[in-house]
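Chains A and B are the protein sequences, given in the same order. Residues in the first sequence are numbered from 0 upward in steps of one, following numbering that gives the first Met the number 0. Residues in the second sequence are numbered from 0 upward in steps of one, following numbering that gives the first Met the number 0.
Hints may contain errors.
Said to hold, decoys possible - Only part of the chain A face toward chain B is listed, based on derived beta-carbon distances under 10 Å:
hint	residue
1	A134
2	R150
3	G199
4	K240
5	F301
6	T305
7	P309
8	S310
9	I329
10	A332
11	L335
Hints were generated in silico from the structure; no laboratory data involved. Even glycine gets a Cβ: it sits at the ideal position worked out from N, Cα and C.
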Amino acid sequence: MDTINIIGAGLAGLSAAVTLAENGVSSRLISSQPSERSQSVLAEGGINAALDLMGEQDSPALHFEDTMKGGVYLADPEAVRNLTENAPRIVRKLAALGVPFQTENGQMIQRYFGGQKKRRTAYAKTGTGKMLMTALTDYARKFEADGLIHRLHHHDFVKADIRDGILRGVYVRDRYTEETALHSGPAIACAGGLNGFFPGRTTGTTQNTGHVQAVLFSQGVRMANLEFIQYHPTTFGISGKRCLVSEAARGEGGRLCVLRGGEKWYFMEELYPELGNLMPRDVVSREMYRVVRRPDCGDQVFLDMTALDPSVWRTKLSDLREECMHYLRIDPASALLPVEPGIHYFMGGIDVDARHRTSLPGLYAAGECACQYHGANRLGGNSMLGAVFGGETAARDLLDGGFDGGCLSLSTGCLSPTSVSLSTGCLSPISAEKLSSFLCSALGILRTEEGIRQSLEGVGEMLRDEALTEDFRARLLLGEAMLRSASARRESRGAHTREDYPERDDRAFRKTTLAECRDGSVTISFRDLP
Amino acid sequence: MIYQFEISRTKHGDRTSRLQRIRWETADESATVASALTGMNADPDLRDENGEAVGHIFWECSCLQKKCGACAMRINGVPRLACDTPLSSLGKKPIRLEPLKKFPVIADLMTDRQIMFDNLREMKIWLDRECSQTEDRDGVAFEASRCLQCGCCLEVCPNFLPGGSFTGTAACVPASRIIAEMESPAQTELGCLYRKRIYEGCGKSLSCRNICPAGIDIDKLLVHSNATAVWNKSVHSPGKMLH
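Build out the structure end to end from the sequences listed, making use of the hints.
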């Protein structure tokens, strides 16, 4: 089989690479920076799997139900079924690779996370992502030594080589030499979320630029559910970005409150007695947004962790406490922590089926850059699971013959890595900021048609600039697709709340939003769920 | 606040560098060296003290919250992460930014740290069988897994030289995770490589101890790995049994 091009060396990319290597198939792991710098190392709270270690009769079926309900029934049921059934195997495999999951008396333990009634989240303090990444990076290193994984650090994706409607290879540019080369073979996009469309306003890294998705979109690859952007309830601002306070803080007993008449009001517990502070993130962020606008409440929500047992701070949240003290000079064990919702995750992205195939034969997508598993709202603990399982599933489909055998014809091509000159231009920070301001004003926690219309006009005006670089035009088109998706979904569901359409409308909109770009124009349509 | 910078500038493919003096202003009291570099690159009209256009300053960054190690550079002569260095902590003198000196410079503040990843591969730092332990004894695996591969420890190490046999703490820390998983590491290939390429090369200056941006407890990892991989002894806290 051809060498597979994997774009991105985070959790999904590594998972795809090691799955291929375990089966003797080689891959190029193409990334702008090494795995140690990927966004996956920032993942904190844990990874979900119905291992039922806490004696609560948990099961993959319950994990499935919670994931579907948390995503407000917009996720692909077949894909979610596969995900939740494979979750216990995946977490056991990660443990076998040496991930130091938290234990008690020699036995792995699990914690509560949002939208789930069972303790289902396996974790390592609040550094779970880094632990998973170290274990998988070490595991991948063995295959690097065996010649099965070829790392192309400091290489950026430029564009796909598409001929006769099939992806034949990818152009990548070396940041060090500034040379561009073409690598033939199928590709798996594992490029992370669309943080770069909201610079400085997300919890993500600066390297998840959204460039891969924008270019692929402009090349005709279909996107899905772009309107669903997760605002994590508990973040705070630091220089240049939002910093996450893990949901583990609430999983271990942290409570959200606001000052009302000088008293602390634990509004989530009163409004949602069953799950309280651990309602799904879309619900919590929306209530936070509303509560600070009430005339009888203060304008700041706090996370109250002052009643947590000292042993919890010592064994489970020590790193989170250090971070709060470092950046805010607040010790959350003794004082209230001011928090606000911040952009954290993109449920939408490249449209994939349950086997992670995209609309372009030869191209797969996995991890946050793909639209899969999370529907209208992702549950905490499901992102790392989705990344590992998604990368693995894409790799398995390629191993099983892939897209109706279409990739077999690739090996007969005359393509080999060649130096070519491609001008992709440099992204102007001023233009990026302008686009971001249009997206932010329209795609906040609460949205209206008027707000979206105004932003569409602004983006439209930017698109009329004839001096645009090819790259930036692609970004503008994907930005337009996000806005048009939000406009077309005239209902409120999950992370998409319309003030002018406050009700959920299953009949008209329990569907996947599709965005396509043909000849420079964006079209939106809806597809029934599988 | 107005800050003065002296930034080492090197063009792609060039071997010579020069210091460029740049004045930069911000209202953000929490601004870091990373925010300053981001801000300078966002200003296409920025000029240096001689009126010369600054242009794009090459540097690497990713997480901006000291969890990825991308933005390691010399700040006033000390290897640090740009995202973890508030400008307000650097005094009133011009802030000098230079690339790490132990690694080849690609452009400006961007260096090629590939040697660290090559060393990890040559050292064969991976588990060669399934991890059989369910408990992270003494927290060694967690601590060792936190390494950012930023290179700050190598920058200050008097014994690490590019191309030399000694791999330094950047390989020692990840090796500790694997060694801690082994029953008798002294008899393994990794144990042998550990003795040759880490233990025997280390001059025990421990200058790496206080420079690690992640604050990794290097003493603890050294004690564990030396005991088991060099001296063939078991080191565990009382009450925790070897599986």
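Evaluation of the provided hints:
Evaluation of the A134(A) hint against chain B yields a held restraint, the C-beta minimum of about 7 Å falling below 10 Å. With a least beta-carbon distance of about 8 Å to chain B, the hint placing R150(A) at the interface is held under the 10 Å criterion. Because the closest C-beta pair between G199(A) and chain B is about 8 Å apart, less than 10 Å, the hint holds. For K240(A), the shortest C-beta to C-beta distance to chain B is roughly 5 Å, which falls under 10 Å, so the interface hint holds.
Here the hint on F301(A) is broken, as its CB sits about 20 Å from the closest CB of chain B, past 10 Å. Evaluation of the T305(A) hint against chain B yields a violated restraint, the C-beta minimum of about 24 Å exceeding 10 Å. Taking 10 Å as the C-beta cut-off, the interface hint given for P309(A) is violated, the closest approach to chain B being about 18 Å. Hint status for S310(A): violated, given a least beta-carbon distance of 15 Å to chain B, over 10 Å.
The criterion of a C-beta within 10 Å of any C-beta in chain B is not met by I329(A), whose closest approach is roughly 14 Å, and the hint is violated. Taking 10 Å as the C-beta contact cut-off toward chain B, the hint placing A332(A) at the interface is violated, the least distance being around 19 Å. Given hint, L335(A) at the interface with chain B, is violated; its Cβ is 20 Å from that chain's nearest Cβ, farther than 10 Å.
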